[in-house]
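> Below, each chain spelled out in residue letters.
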Amino acid sequence: MERRIGRRYGGGSGSGKGENDVSAGKTPYSDLPPQAFWRTGVAEPGIAGLRGLWSSRWALPADARFATFGSCFAQHIGRALTARGMNWLDAEPAPGRTPPDIARAFNYGIFSARTGNIYTAAQLLLLVRMAADGDDPDLAEYWAEGARVADSLRPAIEPSGFASAEEARLSRLSMVRAFRRAIAGADVFVFTLGLTEGWENAATGQPYAMCPGTVAGSFDPARHRFREYRFGEIRGAMEQALDLMRRINPALRLLLTVSPVPLTATASRRHVLVATTQSKAVLRAVAGEMAAADEGVDYFPSYEIIAGAPAAARFYEANLRSVTREGVDTVMGHFFAGLRLDAPAAHADDTLPQTASEAEAEARMAADDLVCEEQLLEAYARGRT
Amino acid sequence: MRVAEPDLLILGDSHSVALKAGCDALGVRAEMLSFSGNIWHQGLVSLHRNRGVFVRNRAFQQRVAELAARLGRGNVLSAEVPVLASFGFHLGRIVPPFGFNGHRIDAAGFLADGSSQFASRALAEAYVRHFRQGHVRMLRRLSDVVPTVAVAPPDIFGAVNYPLFVAIVKEMIRDAGVALFDPCEELFPGQGGLPAEFLTEDGVHGNADYGARVIGLLLDRGLIARRVA
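Respectively, the protein sequence lines represent chains A and B.
With the first letter of the first sequence counted as 1, position 68 gets the number 68 in our numbering; the numbers rise by one all the way through.
With the first letter of the second sequence counted as 1, position 228 gets the number 228 in our numbering; the numbers rise by one all the way through.
Hints were generated in silico from the structure; no laboratory data involved.
The structure presented is a predicted model; accordingly, all values stated were derived computationally and were not measured.
Where hints are given, some of them may not hold.
Computed beta-carbon distance windows for the label pairs [to be verified]:
#, chain 1, residue 1, chain 2, residue 2, range
1, A, E317, B, G74, 56 to 62 Å
2, A, D294, B, D113, 32 to 38 Å
3, B, R141, A, A203, 56 to 62 Å
4, B, D113, A, A366, 57 to 63 Å
5, B, D175, A, P250, 51 to 57 Å
6, B, P195, A, R223, 24 to 30 Å
7, B, A25, A, R97, 34 to 40 Å
8, A, G213, B, N57, 54 to 60 Å
9, A, R223, B, A112, 20 to 26 Å
10, B, E66, A, R104, 43 to 49 Å
11, A, A156, B, R49, 44 to 50 Å
12, A, R104, B, R49, 35 to 41 Å
13, B, D175, A, S268, 46 to 52 Å
Which chain A residues stay away from chain B? Per the calculated CB distances, all over 10 Å, these [what the hints assert, rightly or not]:
#, residue
14, P45
15, P99
16, A163
17, A251
18, M290
19, A312
20, R364
By construction, the Cβ of each residue, glycine as well, lies at the ideal position given by its N, Cα and C atoms.
Please model the entire structure based on the sequences and the hints provided.
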């Protein structure tokens, strides 16, 4: 039976027109390429031989700028872009010459601004509202942690929290400024959708990055409410966020991915495997629907590559959750294979003021060294006379 | 030519020059062993069991050798000769780079400049400790074997982030148990830095009058002393 259906629908064997044709004539499947058929597109090539999974719908400038945000898997995209020498937008870099381990501990260079993980569409919308001057950044909560203070939007952004609420406030404002710069300066805003489950303040509706009490803060069942965001809410939030971002940057393109990382835990009362499937299915559907409805939105299938049947879980660590280096490399291989950077460069004339000021500062430091050494030499010369 | 045992040794960077001039003016017999801030910043200077001080740079090590020859002993350090240390800060090598991407630690400056970034005190501390913990460790080891007073540089930069960086290094030195003397805190409290009349022409170092004021106060406090003939 299966063989007969294969013949009727074509099967993409590529062995000649006659084999796929039936006497009644062609079907819509007759001329489809091999990747349109599971056997020739997936089963036969295997995970290593998958081709044509994604082709960018946009011809991007050769020096296209990418901003990357979202759940933890998004950080791999920024890192891979940087490793390739491409234009990954770092709108909130660490101070000059910060040692890499310190930069990482303070969450610099992870995303295009120090937003921390943005797991839900509700979180993204809140941050975009702040960046677009709609919401006061101070309205979101700060949490006292003994003598330290945590930012409810980014509870783990500093390794030991902030010294004061004022410091947390200034740091958040700095992040919001940078987030806006990332939106304004990017050609492509890459966003990895992470979760459908989240927590919010029951009175204000403020979404949290993490359930209060897990990483920081303390849980209060009277104030903190579990949310399982539905398809319509997520799509609505994503579309509102995109609309606001386009007010900042009308040419902005949105490239969506879905994190292949399963839920660590679910508060939905379902089995975590079932909850994960529900979550990923909804996010994948939102991404697909948005891409279908808006030419400025595209979907890149990192989820399918890692979590799909062809990989047979080989791209997960033993915990069946963390993605392996090989998995990330495979994802990024498909990403770069499908990227179209064939439009003329768009940023060649852009100046990078920080580079100029850095060069000036270097020159000043060199001059200061010279002054210092000359003064010492004079002193030594006086000592000899 | 061999010299008599000095009252003290000044070991540090270009800020040593004012201290040496102050010693000369007040009749304190001081020897000076100094290298530019960049040499210190690069970690090229270390303590040495036999020579006292070792510089991983032949030209600068020559200064150590010349001092040893003048003192008539192989080791430039002696438990009998206190050290005035003007090393460990070298802020000209870490304050400007910290600001390369517009980072500010002060709220007012950050809020006034929309292109700036805010940096937490914890980040500034981690940054300063990374670059200066080796110097502070050297100060502590030095003070274990030789009476040592660390002398903070004069507050003259007025640069963004400078005050906190100075404060962090001072805290590190004090936490290490090394005696610290802060001239501006002692001589010009509340004046926001070194008065212009105590600056050299380059605008970044204290002059001989400043050095004399510092050495005078150190003598008054009994932190250094002239050797009794």
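> If a hint holds in the structure, say so; if it does not, say that too.
Verification of the hints:
Restraint check, A:E317 to B:G74: a C-beta distance of roughly 58 Å satisfies the suggested window 56 to 62 Å. Under the hint 32 to 38 Å, the C-beta atoms of A:D294 and B:D113, about 37 Å apart, fit the expected range. For the hinted restraint 56 to 62 Å between B:R141 and A:A203, the CB-CB distance of approximately 58 Å keeps it satisfied. Judged by the Cβ atoms, the range 57 to 63 Å given for B:D113 and A:A366 is violated: they are separated by roughly 26 Å.
Against the hinted window of 51 to 57 Å, the Cβ-Cβ separation of B:D175 and A:P250 comes to about 54 Å, which satisfies the hint. The given range of 24 to 30 Å is broken by B:P195 and A:R223, whose C-beta atoms sit roughly 56 Å from each other. A beta carbon spacing of about 39 Å between B:A25 and A:R97 agrees with the range 34 to 40 Å that was offered as a hint. Roughly 55 Å separates the CB atoms of A:G213 and B:N57, a value that falls within the hinted 54 to 60 Å.
The given range of 20 to 26 Å is broken by A:R223 and B:A112, whose C-beta atoms sit roughly 36 Å from each other. One distance hint, 43 to 49 Å for the beta-carbon pair B:E66 and A:R104, holds here, with the actual separation near 45 Å. The hint said 44 to 50 Å for the Cβ distance between A:A156 and B:R49, and at roughly 45 Å that hint holds. Distance hint check for A:R104 and B:R49: the Cβ-Cβ separation is about 37 Å, which falls inside the suggested range of 35 to 41 Å.
Between B:D175 and A:S268 the Cβ separation comes to about 50 Å, which falls inside the hinted range of 46 to 52 Å. A:P45, annotated as away from the interface, keeps every beta carbon of chain B farther than 10 Å; the closest lies near 45 Å. Residue placement check: A:P99 does not keep its beta carbon more than 10 Å from all beta carbons of chain B (closest about 5 Å). Not every CB of chain B lies more than 10 Å from the CB of A:A163, the least distance being 5 Å, so the non-interface label is violated.
Once the 10 Å rule is applied to beta carbons, A:A251 is consistent with being away from chain B; the minimum gap is 22 Å. No beta-carbon of chain B is positioned within 10 Å of the beta-carbon of A:M290; the least distance is around 32 Å. Even its closest Cβ contact with chain B, about 43 Å, leaves A:A312 beyond 10 Å, as expected for a residue assigned away from the interface. With a least beta-carbon separation of about 7 Å from chain B, A:R364 fails to lie farther than 10 Å from that chain, contradicting its non-interface assignment.
In this structure, the hints that do not hold are numbers 4, 6, 9, 15, 16 and 20, in rising order.
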